[in-house]
Amino acid sequence: MLITGANRGLGLDFVRRLAPEGWQIHACCRNPANATDLQALAEQHDVTRHALDVADFNQIDALKKTLGDTPIDVLFNNAGIMETIQRTLSLDHTNQMFDTLDEDEWMAVMRVNTMAPMRMCEVFVDNVAASERKQMLMMSSIVGSIGSNATGRWYHYATSKTALNMVMRSLAADLKDRGITVMSLHPGWTQTDMGGPSAALTIDESVGGMVEVVKALTPADSGRFIGWNGEDVPW
Amino acid sequence: MPTILITGANRGIGLESARQFAADGWSVHGCCRKPDAASALTAIDGVSVHALDVTDFASVDRLAQQITDPIDVLLNNAGQSPRPSLEFGRMDYDLWAKLFTVNTQAPFKMIEAFHDHLRRSDRRVVANVSSLMGSIADTSRGIVPYRSTKAALNMVTKALSGDLARDKIVIFSVHPGWVRTDMGGPIATVSPEDSAAGIKKVIENAGADANGQFFNWTGETLPW
Chain A
3 MLITGANRGL
13 GLDFVRRLAP
23 EGWQIHACCR
33 NPANATDLQA
43 LAEQHDVTRH
53 ALDVADFNQI
63 DALKKTLGDT
73 PIDVLFNNAG
83 IMETIQRTLS
93 LDHTNQMFDT
103 LDEDEWMAVM
113 RVNTMAPMRM
123 CEVFVDNVAA
133 SERKQMLMMS
143 SIVGSIGSNA
153 TGRWYHYATS
163 KTALNMVMRS
173 LAADLKDRGI
183 TVMSLHPGWT
193 QTDMGGPSAA
203 LTIDESVGGM
213 VEVVKALTPA
223 DSGRFIGWNG
233 EDVPW
Chain B
29 MPTILITGAN
39 RGIGLESARQ
49 FAADGWSVHG
59 CCRKPDAASA
69 LTAIDGVSVH
79 ALDVTDFASV
89 DRLAQQITDP
99 IDVLLNNAGQ
109 SPRPSLEFGR
119 MDYDLWAKLF
129 TVNTQAPFKM
139 IEAFHDHLRR
149 SDRRVVANVS
159 SLMGSIADTS
169 RGIVPYRSTK
179 AALNMVTKAL
189 SGDLARDKIV
199 IFSVHPGWVR
209 TDMGGPIATV
219 SPEDSAAGIK
229 KVIENAGADA
239 NGQFFNWTGE
249 TLPW
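Respectively, the protein sequence lines represent chains A and B. 3 is the number of the first residue of the first sequence in the working numbering; add one for each residue after it. 29 is the number of the first residue of the second sequence in the working numbering; add one for each residue after it.
Pulled out of the complex, with its shape left as it was, chain A reads as follows (with noise of 0.2 Å):
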């Protein structure tokens, strides 16, 4: 598995649990050095930490090199921002509402949510292809459902993922000759530092569901946009 985002969260945990059932995991985020938790589980397991800021392109391309033709079963783009400065994900995002358009944040959070996982996609591609699973999965969110979204608010954030599922579903159609299931995902509101304390779910809860959910993937299953706990999310 190649993840991104790997060093926290959600994208932690996923290493967390699958290192020890002897994945090799080449676990990708900004500051590999700054990663106590990573490097813990790289000492025990077969974990390859990489630097990679997903939103600089040529990084992307340094990794491809890094691991030339190496097969990847999963390719998990789970790498996301709510905006760039860091903050829970509270009620009051004064900078994402109505009547405060800030165009070149909105932009930023593009890139990382929606443009990185397409460029990551096309970079390593063939190497999903060589691969047995041949996955290709979106860390997505419900606050990119359309259906399910009637409040305003967050509206980078919201937009980037609900165009991150256009992605996913382009290229669940694109890449379906080549036997690559691509899917989205929604984790939940869980207790990471983009959800905050009052979160509904642990990290335990809503990793472990996904799992499950991961485990269970079929190419039937390309082109969905999964939850947690195993429901599926309206567009």
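Everything labelled a hint here was simulated from the structure, so no lab data went into it. Quick caveat, the model's predicted, so the values are computed rather than measured. Do not rely on the hints blindly, as some may be mistaken.
As the list claims (entries may be wrong) - One side only, chain A facing chain B, incomplete, derived with CB under 10 Å:
{"hint": "1", "residue": "R121"}
{"hint": "2", "residue": "T153"}
{"hint": "3", "residue": "T164"}
{"hint": "4", "residue": "G225"}
Unchecked claim - Below, computed lysine to any residue pairings styled on SDA-like, alpha-carbon distance capped at 20 Å:
{"hint": "5", "chain 1": "A", "residue 1": "K67", "chain 2": "A", "residue 2": "H52"}
{"hint": "6", "chain 1": "A", "residue 1": "K217", "chain 2": "A", "residue 2": "Q26"}
{"hint": "7", "chain 1": "A", "residue 1": "K178", "chain 2": "A", "residue 2": "A218"}
{"hint": "8", "chain 1": "A", "residue 1": "K178", "chain 2": "B", "residue 2": "D166"}
{"hint": "9", "chain 1": "B", "residue 1": "K126", "chain 2": "B", "residue 2": "D210"}
{"hint": "10", "chain 1": "B", "residue 1": "K196", "chain 2": "B", "residue 2": "E232"}
{"hint": "11", "chain 1": "A", "residue 1": "K66", "chain 2": "B", "residue 2": "E140"}
{"hint": "12", "chain 1": "A", "residue 1": "K178", "chain 2": "B", "residue 2": "N233"}
{"hint": "13", "chain 1": "A", "residue 1": "K66", "chain 2": "A", "residue 2": "R121"}
{"hint": "14", "chain 1": "B", "residue 1": "K126", "chain 2": "A", "residue 2": "K66"}
{"hint": "15", "chain 1": "B", "residue 1": "K126", "chain 2": "B", "residue 2": "Q108"}
{"hint": "16", "chain 1": "A", "residue 1": "K178", "chain 2": "B", "residue 2": "L114"}
{"hint": "17", "chain 1": "B", "residue 1": "K126", "chain 2": "A", "residue 2": "M109"}
{"hint": "18", "chain 1": "B", "residue 1": "K126", "chain 2": "A", "residue 2": "L103"}
{"hint": "19", "chain 1": "B", "residue 1": "K196", "chain 2": "B", "residue 2": "N233"}
{"hint": "20", "chain 1": "B", "residue 1": "K196", "chain 2": "A", "residue 2": "G154"}
{"hint": "21", "chain 1": "B", "residue 1": "K126", "chain 2": "A", "residue 2": "E107"}
{"hint": "22", "chain 1": "A", "residue 1": "K178", "chain 2": "B", "residue 2": "A165"}
{"hint": "23", "chain 1": "B", "residue 1": "K196", "chain 2": "B", "residue 2": "E140"}
{"hint": "24", "chain 1": "A", "residue 1": "K67", "chain 2": "B", "residue 2": "T83"}
{"hint": "25", "chain 1": "A", "residue 1": "K66", "chain 2": "A", "residue 2": "D48"}
{"hint": "26", "chain 1": "A", "residue 1": "K66", "chain 2": "A", "residue 2": "A53"}
{"hint": "27", "chain 1": "A", "residue 1": "K66", "chain 2": "B", "residue 2": "Y121"}
{"hint": "28", "chain 1": "B", "residue 1": "K62", "chain 2": "B", "residue 2": "T83"}
{"hint": "29", "chain 1": "A", "residue 1": "K178", "chain 2": "B", "residue 2": "I171"}
{"hint": "30", "chain 1": "B", "residue 1": "K126", "chain 2": "A", "residue 2": "A110"}
{"hint": "31", "chain 1": "B", "residue 1": "K126", "chain 2": "A", "residue 2": "D106"}
{"hint": "32", "chain 1": "B", "residue 1": "K62", "chain 2": "B", "residue 2": "D89"}
{"hint": "33", "chain 1": "A", "residue 1": "K178", "chain 2": "B", "residue 2": "G117"}
{"hint": "34", "chain 1": "A", "residue 1": "K66", "chain 2": "B", "residue 2": "G117"}
{"hint": "35", "chain 1": "A", "residue 1": "K178", "chain 2": "B", "residue 2": "S168"}
From the three backbone atoms N, C-alpha and C, an ideal C-beta is built for every residue, glycine too.
Following the hints, put chain B in place on chain A, whose structure we already have.
Frame of chain A, contents of chain B only:
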């Protein structure tokens, strides 16, 4: 006499909409990048023509200061085409970003800038010209950057429907059909006249229950 503001009014569906609303007695503000080159638009009686590049947000703000009338209907029609289609493996991320600015951010900016004009009007309608290509449920292969910007526009429509309901403003997305315009090409199935007439009807029929919806130009709702 109701007032409509139309972006991208120099050609295609925007131009035809300007013609039909003006012919029906509406006061029309027709916006385009180069009014000097928009002879078909300037020739229509009852249309005030404004120079506007919707991606230049400072000029959007300036226009909102210049126009003092209430705006009954904001028709966010300006958009950038799906070509080149940028297939998988040949993405152009700078072009994708540009499409996002034109197709998603600019309509949002227009709504912010003309929020007060809408609030002061009788009808209070925002129509975002989206596309069935932005329907996630309907997706087939390719053309991801364009599709993603229209899907994101649909999210803007839906999410804003909550914020704007406080001011009794009705906002919806509308798919214009596959129209014989510069964007749609000559073999498209719908004439600009029919498409604009359909969109006009959707706008005129838009009651409170139209808020946050995605309509076909023929009036049925479309899936997200």
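Verification of the hints:
About 7 Å separates the beta-carbon of A/R121 from the nearest beta-carbon of chain B, less than 10 Å, and the hint is met. Because the smallest distance between the Cβ of A/T153 and any Cβ of chain B comes to about 5 Å, under 10 Å, the interface hint for this residue holds. With a least beta-carbon distance of about 4 Å to chain B, the hint placing A/T164 at the interface is held under the 10 Å criterion. A distance limit of 10 Å between C-beta atoms decides the matter here; for A/G225 the minimum to chain B is near 8 Å, and the interface restraint holds.
The suggested pairing of A/K67 with A/H52 holds, with an alpha-carbon distance near 12 Å, which does not exceed 20 Å. With a C-alpha separation of about 15 Å, the suggested pairing of A/K217 with A/Q26 holds against the 20 Å cut-off. Note on A/K178 and A/A218: the hinted pairing holds, with a Cα-Cα distance of about 18 Å set against a maximum of 20 Å. Restraint check for A/K178 and B/D166: satisfied, since their Cα atoms lie roughly 16 Å apart, inside the 20 Å limit.
At most 20 Å may separate the alpha-carbon atoms for a hinted pair to count; B/K126 and B/D210 meet this at roughly 19 Å. Restraint check for B/K196 and B/E232: the C-alpha separation of about 16 Å stays at or below 20 Å, so the hint holds. With a C-alpha separation of about 42 Å, the suggested pairing of A/K66 with B/E140 is violated against the 20 Å cut-off. This hinted pair does not check out: A/K178 and B/N233 have alpha carbons roughly 42 Å apart, beyond 20 Å.
Between the alpha carbons of A/K66 and A/R121 the distance comes to roughly 11 Å, so the proposed pair stays at or under 20 Å and holds. With a C-alpha separation of about 27 Å, the suggested pairing of B/K126 with A/K66 is violated against the 20 Å cut-off. As the CA atoms of B/K126 and B/Q108 are separated by approximately 9 Å, the hinted pair is consistent with the 20 Å bound. Distance hint between A/K178 and B/L114 is fulfilled; the C-alpha atoms sit about 18 Å from each other, no more than 20 Å.
For the suggested pair B/K126 and A/M109, the alpha carbons sit about 10 Å apart, so the restraint of at most 20 Å is met. A distance of roughly 17 Å separates the Cα atoms of B/K126 and A/L103; the hinted pair therefore holds under the 20 Å criterion. Simply put, B/K196 and B/N233 have alpha-carbon atoms about 15 Å apart, close enough for the 20 Å limit, and the pair holds. Taking the CA atoms of B/K196 and A/G154, the gap is about 15 Å. The hint holds against a cut of 20 Å.
Among the hinted pairs, B/K126 with A/E107 is consistent with the structure: their alpha-carbon atoms are about 15 Å apart, no more than 20 Å. Distance restraint check for A/K178 and B/A165: the Cα-Cα separation of roughly 17 Å lies within the 20 Å cut-off, and the hinted pair is therefore satisfied. With a C-alpha separation of about 15 Å, the suggested pair B/K196 and B/E140 falls inside the 20 Å cut-off, and the hint holds. For the proposed pair A/K67 and B/T83, the alpha carbon gap of about 37 Å is over 20 Å, so the pair is violated.
Simply put, A/K66 and A/D48 have alpha-carbon atoms about 19 Å apart, close enough for the 20 Å limit, and the pair holds. Under the criterion of a C-alpha separation no larger than 20 Å, the hint pairing A/K66 with A/A53 is consistent with the structure, at around 12 Å. As the CA atoms of A/K66 and B/Y121 are separated by approximately 18 Å, the hinted pair is consistent with the 20 Å bound. Only pairs whose Cα atoms come within 20 Å are accepted, and B/K62 paired with B/T83 is accepted, the gap being roughly 14 Å.
For the suggested pair A/K178 and B/I171, the alpha carbons sit about 16 Å apart, so the restraint of at most 20 Å is met. The straight-line distance between the Cα atoms of B/K126 and A/A110 is roughly 13 Å, inside the 20 Å bound, and the hint therefore holds. Restraint check for B/K126 and A/D106: the C-alpha separation of about 12 Å stays at or below 20 Å, so the hint holds. Distance restraint check for B/K62 and B/D89: the Cα-Cα separation of roughly 18 Å lies within the 20 Å cut-off, and the hinted pair is therefore satisfied.
Distance hint between A/K178 and B/G117 is fulfilled; the C-alpha atoms sit about 15 Å from each other, no more than 20 Å. For the given pair, A/K66 sits about 14 Å from B/G117 by alpha-carbon distance, which is consistent with the 20 Å threshold. Taking the CA atoms of A/K178 and B/S168, the gap is about 11 Å. The hint holds against a cut of 20 Å.
The structure does not agree with the numbered hints 11, 12, 14 and 24 stated previously, though it agrees with the rest.
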